[in-house]
Structures are given as C-alpha cells and as structure tokens.
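> At position 2 of the sequence shown (counting the first as 1) the number is 2 in the working numbering, and the numbers step up by one without a gap.
In case anyone wonders, no lab produced these hints; they're calculated from the structure.
Watch out, some of these pointers could steer you wrong.
Unchecked claim - Below 30 Å or equal to it, Euclidean Cα-Cα: the simulated DSSO-like pairs (lysine-lysine) are:
id, residue 1, residue 2
1, Lys9, Lys1007
2, Lys1118, Lys1007
3, Lys761, Lys797
4, Lys171, Lys552
5, Lys1118, Lys1076
6, Lys568, Lys549
7, Lys951, Lys1005
8, Lys1154, Lys1169
9, Lys822, Lys862
10, Lys4, Lys1154
11, Lys719, Lys955
12, Lys171, Lys962
13, Lys405, Lys499
14, Lys1005, Lys1022
It should be emphasised that the depicted structure is a prediction, and the values quoted were computed from it without experimental measurement.
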Amino acid sequence: MASKYQETKQLSLPFIEQEYLQKWEEEQTFKQSVDKREGSEAFVFYEGPPSANGMPGIHHVISRTLKDLVCRYKTMQGFQVKRKAGWDTHGLPVELGVEKELGITKEDIGQKISVEDYNQKCREAVMRYKDKWDEITRKMGYWVDLKDPYITFDNKYIETLWWALKQLHDKDLLYKSVSIQPYSPAAGTGLSSHELNQPGTYKNVKDTTVVAMFSAIRNPQSEFLYKSVQNLKEGNLLTQFHEQKGELNLLNDTENIYFLAWTTTPWTLPSNCGLTVGADIDYVLVNTINPYAIEGQHKVINVILAENLLSKYFSIEPDTDLQIGQASFSSTNIKACWKIISRFKGKDLEGVRYKQLLPFEGNSPTHAGGDPFRVILGDFVTTEDGTGIVHTAPAFGADDYKVGKKNNIGILTLVDKEGKFIDTAYNNELKISGRFVKNYKDDSDWKDVDVDIAVYLKQSGQAFKVEKYEHTYPHCWRTDKPIIYYPLDAWFIRTTAVKDRMIALNKTIQWKPRATGEGRFGNWLENMVDWNLSRSRYWGTPLPVWVSKDGKETKCIGSIEELIGEVKKANKNLNINQLIDVIDEWDGNLSHLNKITNITNRIGLTQVDRYKRIEGKLDLHKPLVDQIVLCDSRGIAMYREPDLVDVWFDSGAMPYAQLHYPFDAHPKTQLKHNFPANFIAEGVDQTRGWFYTLHALGVMLFDSVAYKTVVSNGLVLDKNGNKMSKRLGNVVDPFETIEKFGADATRWYLITNASPWDSLKFDIEGIKEVQRKYFGTLFNTYQFFALYANVDSFTFKERYIPVHQRPEIDQWILSSLNSLIKNVTESLDEYEPTQAGRALEFFLDEHLSNWYVRLCRRRFWKGEYEHDKICAYQTLYECLETISRLMAPIAPFFADWLFRNINSVSKRIDTTSVHLADYPVADNSIILPILEERMKLAQDISSLVLSIRKKTNAKVRQPLQKILVPVLNKHMEEQISRVSDLIRNEVNVKEIQFINESEGGIQKKIKANFKLLGARLGGKMKSVAAAIAQWNQAEIAQLERNGTQSLQIDGEEINIDISEVEIIAEDIPGWSVATKDGITVALDLTLTPILEEEGIAREFVNRIQKLRKDSGFELTDKIIVKVEHNDTLASAIKNFNNYISTEILANSIDLLEKLDSETEIDINEAKIKILITKN
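Model the full structure from these sequences, guided by the hints.
Quick look at the structure:
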C-alpha cells in the first residue's frame, strides 16, 4: 500500500500506455476481468473478422474503439463478456493479392502453378500482417482473445460451415440454377447481390450509348404497320419531303420500318435475340429521316418508339399541329423533321419479326436456338428513359433472361468469362473477335469496342442516335473493374423464402442509428434476391455437394464424419465401370487418385485407409476435396461441385462456426450461451455484407436474430471531408498516431468528435486538443489533489463524512457527479458513447476543474487539517475516483493510471485495476436538483460578468463595486441570494443588487434566429420574425420567465422557444450589460481609488506567487519580501498588508528606497525590483 500519491510533473499519454500495457500483460488483467465474472450473466459479443492480408487503418481503430468500450462497460457492470478474435482468411482479396504478387492471372492457376501450391501461397499471405494487427490491437487497448482466435480456413470452422449448408439443403433452401448473375471478369467469379451493393461499387462512368435501328420484316403479322406507311405515301407526304429537299434522293423502297432501342452497353447488341415492349404502353410509328444516312441508304425512314418519349428525339412545338419541319436533314436538325403516322399499343406489336442487327459468322438465328428476333412483351418496360423498346440480350441481363426464357427467343453468349468476344463473333467489317468489352487487363493499347460498334452502326445506317451518357455502373468490390451480367450455372440460397421472417425479426433489432435498420438495411430486405453462393475460385470453403455424373442424384455433406461414411460406401459400392469413368475423369492421373479415391484393386490402400493416414493433416480445401469421389445409390460415381462458397458465408456463420458447433460437447448449451449476440459493431459498409449474412443465416438456421443490437459506424474522412486514399496522400497511419499522441487521446477523439454513425472528419489538431483540454485538465486536477493531499497526509483513513454534513459546494459537486453517473450510464446503455464522453468533458471542465477546484483552492492550502479540509479532500477524491471508473471504457490506460494512483493509497476499492472494479451506480439520494439549479445560476451569472470584463478589458483581479441582476421571480432571487457570496468572489465584485423587470433601467432588443425558426416555419418565417421584433419589454420579460411565448400569424397560434431568438441588452452609462438564456447582468465599471489599490494588491500577490513557484519553494515555506519603493505599490501594500501577507505566506514585506536585485515584476506597466527569500 502506497503512503503517498504519485506526483508527476508532466503528462505523457504514450509513456503511461507503455507502462500499463506491460502491467496488464504481467497481471493478465484482461483474463482476470473475464474470469472474475464467471457464473454471471453473459453479454455476448461477436468480433467481425478482419483479413490480415492488408495493414490496419485508422477506420479500424474507430470501430474497434467502439466495440472495446461497450465490452469494457458491460464487464464493469457485472456481465461476463468473452471476446474471441477472428480472422477472415478466404476470398477474393486474398487471391487477387497472391496473383499480383506472383505475376499471374486466374487462367495461370493449374498451369504455371498447381492449385495446391497456389492455395499454400494464399494460406501464407492471409496471415502476413497478423503481427501488425496484433500490434495495433494491443497498442490501442482493444481487449480481445488473440491467443485462441477463430480462423475461417481452419478445418473445424469449415466443418461447421458444411453443417450449416447441409441444414439449408435439407430445408430445401439450397439449390442450383442457371440464371443471370453479376460477374467479375477481372476476378473470374460471380458475385452476390450484397457484394454488388458494397459502398463505392456503383461508380459514375461516361459510356458510349446507341439508339439502334432494328429493321422490321414485312409479313402478315406486321402488315398493319406497312399499311400506315402506304397511306402516308399515298397522301404525298413523302413527295413533300422530296420537293422541299431535292437532294434527298429517296430509294425505291420507301416503306422501311425500324424499331428504335436504346442501350448503354453496345457490346451486348451482337447478342440481341429480341425486342421487348410494354403491353399497355402507347407506341407511335413516326415518319422521319435517318440522321446518319449515307449514299445508298434510306434517308426517309419510319421508326417505332413510345409516344411518351417523343420529346427525347423530336421537337414538339406547343399549340401547333405535329408537322414535318422545314429544317435541313442533318443529324443536328433531325428533331424538327417528323410526322406521326399511326398509334398502337405494345401488345399489337407482339410477334412482329425483325432482321438480326449484327449477323456474325457465329451469330445467326439458328445459333440462338428457340425462336429469336421478334417483338415480345415484358412487364419491366418503362417510359422513363430510352425509347420504350428494350433491346433484349438474354445472356447479359436478368430481366432479359427471364423474358427471353418465357418467350423462347433463345440465347447468344458471344462474350466469354474473361470478358472478351469469342472467336466465332466474326464479321468482315466489324472485327471484334477476341476483344475485351472493357479494359480488364489494364492494356494501354485497349480500344473501346462500344465506340467501334457505334461507328459501324452509323456507317451501316442502323443507328438513330449515338452519344456519350453519364450514369452509374456497378464495379467489382475488389478489382474496381466493371462487372457484367452473365449466365451462370450456380448454387443459390433461397433467402427469398424467409424474406418476411427476416423483415419481421429485423424490426426487433436495436439499430444505431435507427435509420440504417429501417432504411438502408430494411429496404435491402424488402428487395432481396436469392443469395448467389457459388464462387469459381480456388482459395475458399469448398461447396460440400457431390453430384452423380448423370446429374440425377445429389449429396450435401454436413460433417467430416459423414464424409468418411460416404467414402466407405464408395469404397464398397463403386462398380468397376464407374471406376473406369473415375480414371477417365482424372485423365488417368493415378498420382492424384492415390491421395484419396477408390481404386481398391489397383492401389495397395483403400480410400478409407488412405484417409486414416492423412486424417491428422486433412485439409478441406481444393485440390484434395476435388479428388474425393463418392457414389450414389446406384453405384454411379459422384463428383464434387467445383464451386467455392461466398466468403461472406464464412463470416456470416461465425457465431456458431467459432464454437465448432454442433460437434463439440454440449452443443445446445454452448449455443444458448453464445447466440444471439447482445451487441455487434462494424462500419456502415457491412450493412449489406456481414450484418446481412449474419441475419440471413440466423433466421434460416435458427429462426432467430443473430444480434440484438448493432452499431454501424460511419466513414473516417480527412479533415476536409475527402475520402482517405494513398493517391491523395491523406491516409492517416494509426501506428504513428497512437505512438505520438497516445491511444487514449485517439480513442477519445474518435468517440467524442462525432456520433459513431456519422462520418468523421479526422484532424490531428483535434487529438491535440483532446490531449490538452480533457486529459491535461484531468491530469492537472489530479496533480493538484496529490500535491495537497501529500502535504496533509490525506489517505482517506478518516471517518467517511456523510454528504449532507459537508459544505454546500461539496454537496453540489457530488450531486452533479451522481447526475453525471446517470447521464453517462443512460448514454452507454443506449449505445450513445459520444454523449457519454461529452458529458464527462463538460463535468470536468465546467464543474470540477473550472468551478469546484478553483473555488475551493483555498480550502486545500489554508487552515488546519480539520472538518472542512477533510470534506474537501474526500469530495475531490470521490470525484477523481468516480471519473476514473466512468471513463475507463473509453480511455482505459489513463483511467487505470488515475485509479491506481489514488486507490493504491486509500485502498477503498479492493482491486488492483479499474477494469476489475464495478461501474459507478448513481446514488439518487445525493442528487439535489434545486442545488444544481442554484449553482447553475451562479455559473451563468459569473460567466456573463466575466464576458463583460473581457469585452471591456476590465481585469478579473481588479475589484469592481456592483452588479445588477434583474430577477424574473421570487424563486430566482432566493436562489441567487444563497450563492451571492460565491458569485462575488468569483467575479470580484463587492455587491449584487437585484432589480425587478418592472423597475426598468435595462433595455432589451429581441430578434429571431433565422436558421432555427426558418427550418421549422418555412414560408411563415418572415412574418414571425417581424412580429418578434415588435415585442415590448414586458413581452420579452415574459419569454425569459416562461421559456416560451406565443404569437398570432394569420389567425394561427405559433409558439416561440427562447432558444429560437436572440435577446440583446443595451448598455447604460457607466455600466456594461450582457444577457443569455433569460439571465441579464449589468456590471458597474466605475473605479474608485480604493478599488484601484485593491486591484494593485491582487496583482502584487499574483506576481509573488509566480516567483515562489519559479524559485522552487514548497507550499508551506514562509518568505521575506523586499520591494523597491513605488508610490502606487507602497500605498496598496500599506492598506492591504494583512491580505497580501496571508496570501503569499510572508513574515514581512519591506519597502526599500533602493534594492540591488535582478528580479523585476511588472504591475500596471511599472517595472519594480523585488527580492524574495525563504524565512
């Protein structure tokens, strides 16, 4: 037990943190905090697994601070909070990093490097920066079990994932289907809808767009269109064209008709199989001109488009008939040259055929299959943009695929999975075979195929409009390259089957902020699609599904034990014919089959024997699992589906996969104590990632939420509000920040600067301010306590003095302290840490340091060690000890330093660390609202007086005679009277005089706060502001008394709050006036000679106190003062000698005509020599 409080001259948060990191490790404080709560109610927390193949950033620090403070808080409240670290080790980020490192692409895997070696590289890469992650975790004080983390590539973890997939399979929620899915050619794999909706995946791009002209074929089904054209021809309108523009040079066939269809992806036009229209949409046949026509092409044409979209392509003059215009026939004047021939519904066009737009060698009607190149109906067609006719390429659009399949128009997949045109997409004039549709390889010589297709269509007379168009387009979340929509034979989870249940259970989750759960996440659930689970990659959880060669039987394996059982069956039942098929499947490569396949008669060991030998080193990854051949009920070989599982499934199943559920002992009990989570927190980017997959799997597997409360923190931007990036050079290094400023200051800044869910503009200057203002103030307050407590040997050994027996100011600060406990506890209970931190800041700055300690300073260093001084010590001790526990979750290092420094002396709490102590609980009996109100009046009045002093340059050390305080009621006067001495001492005035508002004397003006009222009242703002400006003194006084005041505007009663106006008090001669929040003060600025002398005496005391400190004198040292004579100072010393001597502990003050001293002090611009010596 220490006998004295530690005194430290200078605050260094990084130094304290290094010291306490070592203490925590030596004492195993984290482990103790968990073990101490054994048997207590569990508070379940899940750590969202990061990937250790990249360095941690400052955004990780804010999310981990948030998680850590909640877990620490709940631990101190008495819950047992186990915190298991985790590592996300599979997926695209890892693979793409390895590919880049090895200088290969996906196509090289299995060719230049074996799958086994490649996966080994992934296994090594994924933990490359683990040490750095562990370091930042340790340095920032994030308590999580790093010694026993869950790792998603671990066999036990994967086994639970297989169990979960089997559960879904058995519930008919896992199925295989061919459909159009988001596909990343750059990554070589399909993507799920939630991956496609990660923040930043939709980027603004400017693409070449085309309104293509599809030429209708004349037959009985389309004859009604041609009759309209014939009628127009007979009406001589075409001749009118010819007469007006003799150079028109019409061809013989003037009855050509084209369907107009707009696309932002011209590269899909070669794969067109149909045109889709809306059944009830109104369409028009328009006689106009071809804007890009050249010699030998039809210049006068007839086009079909939705009537509502005419204005996008043609000019419509108001109040005139729709007539062919007189403008020239250039593309720029096309809008003026047109005439509606006929109108019809979309359903009238169904079945009309058209010529293939781009007939390629490998792109013909017969290749498309089905019955292509005709108009079909679809309910997804709108008239919001385009032409109301949708170019339909079933291979590259989900709606296209569905409507195409329904109408049997076939499919043309002319782009491969690398994102380039296949070799058969060949045309003598348009050479696109082998060309990439987007620049997926970052080729400096890449040419935009969309542009070439657009140019070709213009030259061939098949383009009505070509332009650049800016829009958003989805990109791969990991490669940043454009995705395409592609037909994939993939495995899906039928999330739509539990959509209603997911929505219902989501409403029971506490979302912070609420808008994220109801808006972003809620809307996502409303529009969810089935989860595309398949990934055509190499490093990840293998899909545990085996399918017989003829596709008739499927097995989903749910455990290693089940896999062994199936291997045994295959060993027994796989017939010799199937064995030959197996060998054929593996190209006769027995070196692969020897690992684990059934060739009993040809290999010395059976498949099971082989499995038993490698059981201890079993790796449930490719390529081993691909070499396991099972058999179906007929003895036919079954091969594993080659897909991997979406990496988001890995993390979404972590609540039970981290437990190896249900394979370890007592699975039900295990799950009951660990599921669902009470709390999770990650960045807002996880809303449609981890938050979604946790929720989806929780509902599908257990009909339960996976978490009860979720906090989604916002982005961390630079100080100018820009996203951090290496390119901009504005990335903040978390290691450097913590090393320089300390983890506590960083944590405190991140939490208190903005609510966690708001984007934070990160500014190093803000951390410096936190260091100085909060931690510096708290440090200085402790140092003040330690200094005087050591002088008086205060160790809290005395009898505890009941609060009601202490002076009123002690009662007030302890009342405020317990109100603070309530506020902080309520804030943390509601997951509002910003409010909690700011409440602590306000209490420390406004109540404890700048009010209580300053007003009580004399109590600590004056007088004998008796009741009043002991009360002061006990009160300040309680404040510091309580603050240390209140702040511990946010600033764990300094809180423990402060707690140990005081508790090690008093031993009031039987624990070594603040993190093993209980969180404070408010004592309501100590909270005195009337006393807090009274002291707030004292603080507010003092603040107004000090603001006047600052405005008028009246020094605080200069006493003034009087302040006037207009009181609103008797209660206010009584409250102020009880703290009048305190106010007078604080603002250095001799008296306080109360006046009633009715007495007048102080005139006030009032004006509306346009920003606040404008937001509430809108258009009524001007009328209300004018009415407020007309209020008289009585009406202003009534507003100050009541806090609200009503007025009538156009017969409507409108209430005005005092916070929505600004009240300004006008100065009166000899006085200066200030007002705020219903309180007004007037300060008498008149100086009398005696007031001036007292001011000089106070200035003299101030200079001597500084000299004592600079000379290194102890607090109790008596001194002798010698001063060179100065008339003004001499008079002040004479008249205020007792006051001065008492304040500076001087035995004598001698005035000398001449003093040989090098020390000078400056008082009222006079230089005075002085000498002080210890008595």
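> Hints first: check each against the structure and report whether it holds.
Against the structure, the hints:
1. Lys9 - Lys1007: 50 Å, violated
2. Lys1118 - Lys1007: Since the Cα atoms of Lys1118 and Lys1007 sit roughly 57 Å apart, the hinted pair is violated (cutoff 30 Å).
3. Lys761 - Lys797: At roughly 48 Å apart (the allowed maximum being 30 Å), Lys797 and Lys761 break the hint.
4. Lys171 - Lys552: With a Cα-Cα distance of about 19 Å, the restraint between Lys171 and Lys552 holds, given a limit of 30 Å.
5. Lys1118 - Lys1076: Violated: Lys1118 and Lys1076 sit about 45 Å apart, past 30 Å.
6. Lys568 - Lys549: 19 Å, holds
7. Lys951 - Lys1005: 19 Å, holds
8. Lys1154 - Lys1169: Given pair Lys1154, Lys1169 holds - Cα atoms ~9 Å apart, limit 30 Å.
9. Lys822 - Lys862: 34 Å, violated
10. Lys4 - Lys1154: 45 Å, violated
11. Lys719 - Lys955: At roughly 37 Å apart (the allowed maximum being 30 Å), Lys955 and Lys719 break the hint.
12. Lys171 - Lys962: 84 Å, violated
13. Lys405 - Lys499: Between Lys405 and Lys499 the Cα gap is close to 25 Å, so the pair holds against 30 Å.
14. Lys1005 - Lys1022: 17 Å, holds
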